[in-house]
Amino acid sequence: MGPKFSNVQQTTHAHPRTNFSQLMDTNSLREAALQASWQRDHQVARRRTIWRWAMFWGWKYGRKFGIALVPVAIICYLATPLWLAMFSPNVVSKQIVAVPANSTVLVSPPVAKARGLQESEDETGMILVPALTLGTASDHRLKVLQAEPSGQQQNSSNQRLRATSNIQTSPKESSP
Amino acid sequence: MKIRTEPSTTRLVPTDRLSAISSLIAEGAVFDGSFQTSRDLGIKVDGTLKGNISFDIGGTIHIGATGVVENTRLEADYIFIEGKVVGTVVARKALEITGSATLLGDASYDEVMDVHPRARIRGKIEYRGDMDASNRN
Numbered sequence: 001m002g003p004k005f006s007n008v009q010q011t012t013h014a015h016p017r018t019n020f021s022q023l024m025d026t027n028s029l030r031e032a033a034l035q036a037s038w039q040r041d042h043q044v045a046r047r048r049t050i051w052r053w054a055m056f057w058g059w060k061y062g063r064k065f066g067i068a069l070v071p072v073a074i075i076c077y078l079a080t081p082l083w084l085a086m087f088s089p090n091v092v093s094k095q096i097v098a099v100p101a102n103s104t105v106l107v108s109p110p111v112a113k114a115r116g117l118q119e120s121e122d123e124t125g126m127i128l129v130p131a132l133t134l135g136t137a138s139d140h141r142l143k144v145l146q147a148e149p150s151g152q153q154q155n156s157s158n159q160r161l162r163a164t165s166n167i168q169t170s171p172k173e174s175s176p
Numbered sequence: 001m002k003i004r005t006e007p008s009t010t011r012l013v014p015t016d017r018l019s020a021i022s023s024l025i026a027e028g029a030v031f032d033g034s035f036q037t038s039r040d041l042g043i044k045v046d047g048t049l050k051g052n053i054s055f056d057i058g059g060t061i062h063i064g065a066t067g068v069v070e071n072t073r074l075e076a077d078y079i080f081i082e083g084k085v086v087g088t089v090v091a092r093k094a095l096e097i098t099g100s101a102t103l104l105g106d107a108s109y110d111e112v113m114d115v116h117p118r119a120r121i122r123g124k125i126e127y128r129g130d131m132d133a134s135n136r137n
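Going down the list, the sequences are from chains V and R. Residues 1 to 176 in the numbering used here are what the first sequence lists, from first letter to last. Residues 1 to 137 in the numbering used here are what the second sequence lists, from first letter to last.
Please note that the accuracy of each hint is not assured.
Capping the alpha-carbon separation at 27 Å, the derived lysine-lysine pairs in DSSO-like fashion look like this [what the hints assert, rightly or not]:
(1) R:K93 x V:K60
(2) V:K60 x R:K124
(3) R:K93 x R:K50
(4) R:K50 x R:K124
(5) R:K93 x R:K124
Keep in mind the hints are simulated off the structure, nothing from the lab. Since we're looking at a predicted model, the values are computed, not measured.
Start from the sequences and build out the full structure, keeping to the hints where you can.
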């Protein structure tokens with residue numbers, strides 16, 4: 001007969017013994033549940049706090065500048081169709097090309113290509129505007145390359161280069 | 001979306017105590033009854049609780065942003081409120097009320113307290129510590 005340990009209490013377990021691995025899973029489950037709840041808390045609390053701040057500032061300064069905001073709102077309401085019309089696809093788009101003084105440098109327009117313009121690209125892929133590439137500018141000139149999809153001519157007091165489908169331009173220069 | 005592995009930013013309530021919370025009332029759940037223990041545990045309420053929560057010693061109570069506790073008396077060492085509480089709050093050490101919290105009732109604390117400017121409180125806030133001790137420091 002083996003040694004007798006009097007301090008050992010033998011009890012019957014009503015529930016099966018829990019394995020250590022199950023405890024680890026329980027802890028992981030607890031942590032996962034907490035993390036999910038923190039994620040939810042962060043979303044809700046942040047939205048609610050931002051809304052409360054917006055209500056606070058709106059109430060504090062809306063009463064002061066509320067009357068001044070009415071004409072601003074009216075102007076924005078009236079200007080919205082005009083603003084949208086400016087950026088509609090049918091409107092003429094403009095490209096501004098700056099030509100330095102006394103330069104014979106080959107000047108290429110900016111990256112955006114004029115819509116409806118028959119392009120002639122050189123080997124490097126730049127768009128060449130013949131009127132700009134030849135000759136020497138005696139002074140600074142700001143030339144506007146206007147692209148017209150429909151090929152219509154437009155007269156303007158500004159300095160412009162008119163590009164047609166044949167790319168034959170006759171620059172219309174006028175001193176600013 | 002990055003999973004948040006830390007609780008909400010706290011200034012007074014230790015983060016490890018919030019991480020050690022072992023009891024959770026999930027969002028959408030309704031618990032009608034009281035929660036009481038004499039051990040230093042923690043409880044987080046994301047659902048609805050209609051009853052009291054009391055810790056005889058220690059204790060951490062976290063009312064989540066979606067949590068609603070009604071007709072209650074909360075008593076613990078550390079209390080962190082992000083949701084709605086209707087009742088009495090007694091914090092023996094630290095009480096922290098965030099900007100998303102709503103408290104309809106009285107709150108008292110023994111040591112430190114932090115209230116966010118956008119917190120909504122309708123009630124009395126009382127410092128139960130030694131008023132003379134704070135003046136001596």
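We went through each hint and held it up to the structure:
no.	hint	verdict
1	R:K93 x V:K60	violated, 35 Å
2	V:K60 x R:K124	holds, 25 Å
3	R:K93 x R:K50	holds, 24 Å
4	R:K50 x R:K124	holds, 21 Å
5	R:K93 x R:K124	holds, 18 Å
Checked against the numbered hints given earlier, this structure breaks only hint 1.
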